[in-house]
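Engineer: Numbering (this note's numbering), first residue to last: 1 to 585.
Treat the hints with care, since some could be wrong.
In the DSS-like style, the derived pairs of lysine-lysine whose C-alpha atoms are separated by at most 25 Å in a straight line are [stated by the list, open to error]: (1) 294 - 343; (2) 579 - 558; (3) 361 - 579; (4) 294 - 335; (5) 331 - 294; (6) 16 - 151; (7) 343 - 16.
No lab work stands behind these hints, which were simulated from the structure alone.
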Amino acid sequence: MPNTADILVETLINWKVEVVFGLPGDGINGIMEALRTCQDRIRFVQVRHEESAAFMASAYAKWTGRLGVCLATSGPGGTHLLTGLYDAKLDQAPVLAITGMQFHDLIETCTQQDVDLTRVFNDVAVFNAQVTDATHMENLAGLACRSALAKRGVAHLSIASDVQELPLSQAKRSKRNRPSHVPDRWFEGSRLPDPRELERAAEILNSAGKVAILAGRGARGASAELERTADLLAAPVAKALLGKAVLPDHHPYTTGGIGILGTLPSQEALETCDALLIVGSTFPYIEYYPEPGKARGVQIDRDAQRIGLRYPVEAGLVGDAAETLRLLNEKLVRKSDRSFLEKAQVGMQRWRAAMALAENKDDVPLKPQVVVKAFGERLPENAILATDSGQNTEMAARHIDIREGQDFGVSGTLASMACGLPYAIAAGIAFPGRPVFAVVGDGGFAMQLGEFSTAVRYRIPLKVLVLKNNMLNQIAWEQMMFLGNPQFGCELQPIDFAMAAEAMGGIGYSVAQPDQVEPVLDAAFAAEGPVVIEAVVDAYEPMMPPRMPPDYESNFRKALPETPGHEMIEENISEEPLKSLMNHD
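Kindly produce the complete structure, drawing on both the sequences and the hints.
Structural biologist: Put into structure tokens, the structure is as follows:
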């Protein structure tokens, strides 16, 4: 006779869950036993920290579109999940979090690890329940899976440790709870926009002279349709960071990223357009959108709540991006005036030339752009790339060109440090055999350094580029640019990451000189198994937006004199391309 934990695991298997990320603990011993006895049908991936388990579940859901699952014990094990679960919540990734609890009759008695995780998870979860017995689990397990997928968010089940082992035969079933009345299937219908909104959207876009497109992760799977839309509208496509892989970076219709990590042509396109089409994005920095009233807006999103969230659109198309774009394209008239697109394309040529100045420097200390560009050029056609949050994100966004067939992922709206390595490991678990890469900073990598041993354990074909400047560099520049305060508290104690990789059973390389970059990367890419490439780079290379706002520049100048290393910073910003970014009108 199955017990509560057996029913949970069998339900996960029925819902086509293939992997559970987690860390054992006494509060989930019953679930661990159920997983052990089903090893041939469901895989348990052991992590070194529960936060990583949640990050991996979130990333797995993003990479695959399927349900990600993480597991943690009671008390601190469960609370450790929260950061990764908020990543899933804010980026709308379907994740099921399973946590243990103390014995059912000791809840709220101040016993060991007596944390009411259902109360703790109230804000992060779209579905949140405590399981009382095996018959209750029969209903809740499938509903939790369905809720996470339907609402594209976090579902949470918390199960007392003794309840996990309670046999179904000992559970008292109510008369309204009939066995097997809940199907273990996911049902989803066509997501099509309102025809009247579709007509209104076509009228807006057809009548506009200068259309810009902003594409995000919601446009994933709609690349062909998006390309057709851009061609019909002669529209440059700016990409939110989560949409980096929606169109290849060298595609003639894209102007690359938008925002502080983006390109000047993207910013100029959104500043000067008279119509904006937003496809699958709620890019949060509204200062980069057109000023309200200067451009007419159309938005496509499968979530009606997100229509008009960032910009006052006139037409809202609630539906699947690919299906909606197909219907919209049928109503669009190809524009004969291509000048707006052509201007953006010329701007991209200038932007790339400016970025090449930084990517080809032979300065010492080593410039991060040099090693990131060389790293990106070596990515194979089916590569999966993850990045962390920090200045490393800017480097990957601007200096690695994603090509067709490659994929990209990052903690988007949460923008959490320590996400890059778990994201990369989740990609390796999701797609066995595909080469996996990550660009991370020394600050974020150190937070979850132990997870590199997880990559070693599961033989993930992972190459991690660690930009080591012994600084929390993005935070340093934010202190200076946002508030005009001198950098403070951002210096890091150095770690030998190459040696750490070797100590965990992987391979470690280190590079500090420009002439070492090519041979070291060649050796690292030829090596088998998980590899860390530690690149010791210039700590005084500023993080610059594509156009420095006047208040940022004023704050930056104010903060410089009292900032440690200001002489080196001033030397860097006196050279191209930083000089032009600082002084662009």
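Engineer: For each hint, tell me whether it holds in the structure or not.
Structural biologist: Right, here's what the structure says about each hint:
Proposed proximity of residue 294 and residue 343 is supported: the alpha carbons are some 19 Å apart, at most 25 Å. For the given pair, residue 579 sits about 17 Å from residue 558 by alpha-carbon distance, which is consistent with the 25 Å threshold. Of the supplied pair hints, the one linking residue 361 and residue 579 holds, its CA atoms being roughly 15 Å apart against a limit of 25 Å. For the given pair, residue 294 sits about 21 Å from residue 335 by alpha-carbon distance, which is consistent with the 25 Å threshold.
The straight-line distance between the Cα atoms of residue 331 and residue 294 is roughly 24 Å, inside the 25 Å bound, and the hint therefore holds. The hinted pair formed by residue 16 and residue 151 meets the criterion: a straight-line CA distance of about 18 Å does not exceed 25 Å. The hinted pair formed by residue 343 and residue 16 fails the criterion: a straight-line CA distance of about 48 Å is larger than 25 Å.
Hint 7 from the list above is the single one not met by this structure.
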